[in-house]
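**Student:** Okay, here's what each chain looks like letter by letter:
2 protein chains.
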Amino acid sequence: MRIAIYGYGNIGRGVELAIRANADQELVGVFTRRAPETVKTLTGAPVYAADTLAARAAEIDVVILCGGSATDLPVQTPAIARKCNVVDSFDTHARIPEHFDAVDAAAKASGHTALISGGWDPGMFSLARLYGAAILPDGKDYTFWGRGVSQGHSDAIRRIPGVVDARQYTVPIPAALDAVRAGDQPELTARQKHLRECYVVAAEGADLSAIETAIKTMPNYFADYDTTVNFITAEEMRRDHSALPHGGMVIRTGKTGAKGEHKHTIEYRLQLDSNPEFTAGVLTALARAVVRLNAKGDTGCKTIFDLPPALLSPLSAAELRAQML
Amino acid sequence: MRIAIYGYGNIGRGVELAIRANADQELVGVFTRRAPETVKTLTGAPVYAADTLAARAAEIDVVILCGGSATDLPVQTPAIARKCNVVDSFDTHARIPEHFDAVDAAAKASGHTALISGGWDPGMFSLARLYGAAILPDGKDYTFWGRGVSQGHSDAIRRIPGVVDARQYTVPIPAALDAVRAGDQPELTARQKHLRECYVVAAEGADLSAIETAIKTMPNYFADYDTTVNFITAEEMRRDHSALPHGGMVIRTGKTGAKGEHKHTIEYRLQLDSNPEFTAGVLTALARAVVRLNAKGDTGCKTIFDLPPALLSPLSAAELRAQML
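Chains as they are written, first to last, in the numbering used here: chain A, 17 to 341; chain B, 17 to 341.
What the hints contain is simulated information worked out from the structure, not anything from laboratory work. One thing to keep in mind: the hints can contain errors.
Pairs involving identical chains hold if they fit within one copy or between any two copies, as the list cannot separate such chains.
To be verified - Here are the simulated DSS-like pairs of lysine-lysine, each with C-alpha atoms no more than 25 Å apart in a straight line:
id: 1; residue 1: Lys56; residue 2: Lys232
id: 2; residue 1: Lys275; residue 2: Lys56
id: 3; residue 1: Lys99; residue 2: Lys312
id: 4; residue 1: Lys124; residue 2: Lys312
Same shape as in the complex, but just chain A:
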């Protein structure tokens, strides 16, 4: 199974390593909009100019798109789905329906298979929500994130004048987790579910108090949360905050019985040292499914909800039944 990587940031590097860990997959190369000779890959994989992808389509079974959801993927995924099978990790939840429609039209017209919104949220967490609701219809689910680095919130802090660098950790609040796990189905505000913990490197002479206020009052990102702001040095940032851990949990609680007398809790929990490398593990498993679907003539846009789980595994159906069922 020959895979191409399109876009070479954190996720792209993770996918490169994930392909190396899968015996049935090989990396055709990395396609980048930068000058190829300026990009050095982790495994020595070849680097090509992004606009040469179509010319190499015959050598590629599936392209894993590793760009951003804000501006890259809405354009790239439909465009590349006209030439190749594709997998992306589009994660703007509210815009998934329109992205799906655009990719579906492109893939169907050209006979390709596309998978959008792969990863862990959307992705594995979405699956946990679907299965949980199907099994326990009289119930409620909760998604918690963290403890982990939110890139979006870190970027938002970096845009404040006087900020040189920033890292924001999203932290689930233990009391909220306990109440949910107990099956009480509490109504929780954003503030009750998560804390926001910020580490900031300020420019010399910057007004720290103004930065702190700008963070804590920022609408959507921080105003609705209890937020802590810690000013640190560039050296401390490099030493203590260069990793990209993340994780979280989807918890479904529900009731069954003649009078709802039995409580049940389903919890799907991730604890990840490297968010992009774990995401890459999901994307490469999904790429396997996409190639198999296309080989069966099943084209158009899919989500993880549409994929028989067996297609994600390198094992045969008989091996799965004997070893994993």
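Go by the hints and put chain B onto chain A.
**Tutor:** Just chain B now, kept in the frame of chain A:
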């Protein structure tokens, strides 16, 4: 979607309640080998003689088989798959391949769709193993059960002379869970993973010490575990041990990175007040998928690995993308 229940024990009663909780499903009736007039259902559903099922096949979209794996299902599932779509919870892991083949032949020959080994283990735990291994190929998984009642172990104790009643709880050992969750990939013996906690009502004048020895030395069931035996009264058994709680967790830990420097933990955990009622929730969701597959002409035997997750949900694909992805 019209569902029949075949066999009316704990699981059958759970399925009856689960169907009532699903707006898109209705219960045709309960089919039993007992005299129908002696069986009273929880919801007032009609009761029919087991041998009248074939005559009513036209009124039934899918039959959920609620018999035991030892002797009932190996015979019943293939036989009924010749007449109807079926779902069972066959849970003898080692015999799944031969059961699959028998059911597949019967269902394919008659144009029906069958799902075997539904429930939570096999079932949801199997899915957790498959997805975990596909995402983190360089890893290892562990399944823990409990704290919960093992019917098989309880039955084994009841067969000892002098035992009137017994309940056995399987209990995961916290130190083992901690080591696994830390990502150390320990090698664990059966004894290191689970304790066996037994509550026994003995006959008047029975030799308690002989019973305790018989339990603790019983091969396969108890000899390889640390086992505690508590003698209680019939009244205490009724008061404290009449529920059937269960649960457990599948934990996959794995490494990624250029040199395996990043650890990841995926944990799927269940905590269930009623094992049969939760199992029933899974079976009714699977029944929904089976009816939909059959309507598309996809016949033969399936497992949960073969089912696109969306088929388990009452929501449409567009609703799922908008609400759950």
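**Student:** Could you run down the list of hints and mark each one as holding or not?
**Tutor:** Results of checking the hints against the structure:
no.	hint	verdict
1	Lys56 - Lys232	neither (39 Å within a copy, 62 Å between copies)
2	Lys275 - Lys56	between (63 Å within a copy, 18 Å between copies)
3	Lys99 - Lys312	within (18 Å within a copy, 30 Å between copies)
4	Lys124 - Lys312	both (14 Å within a copy, 20 Å between copies)
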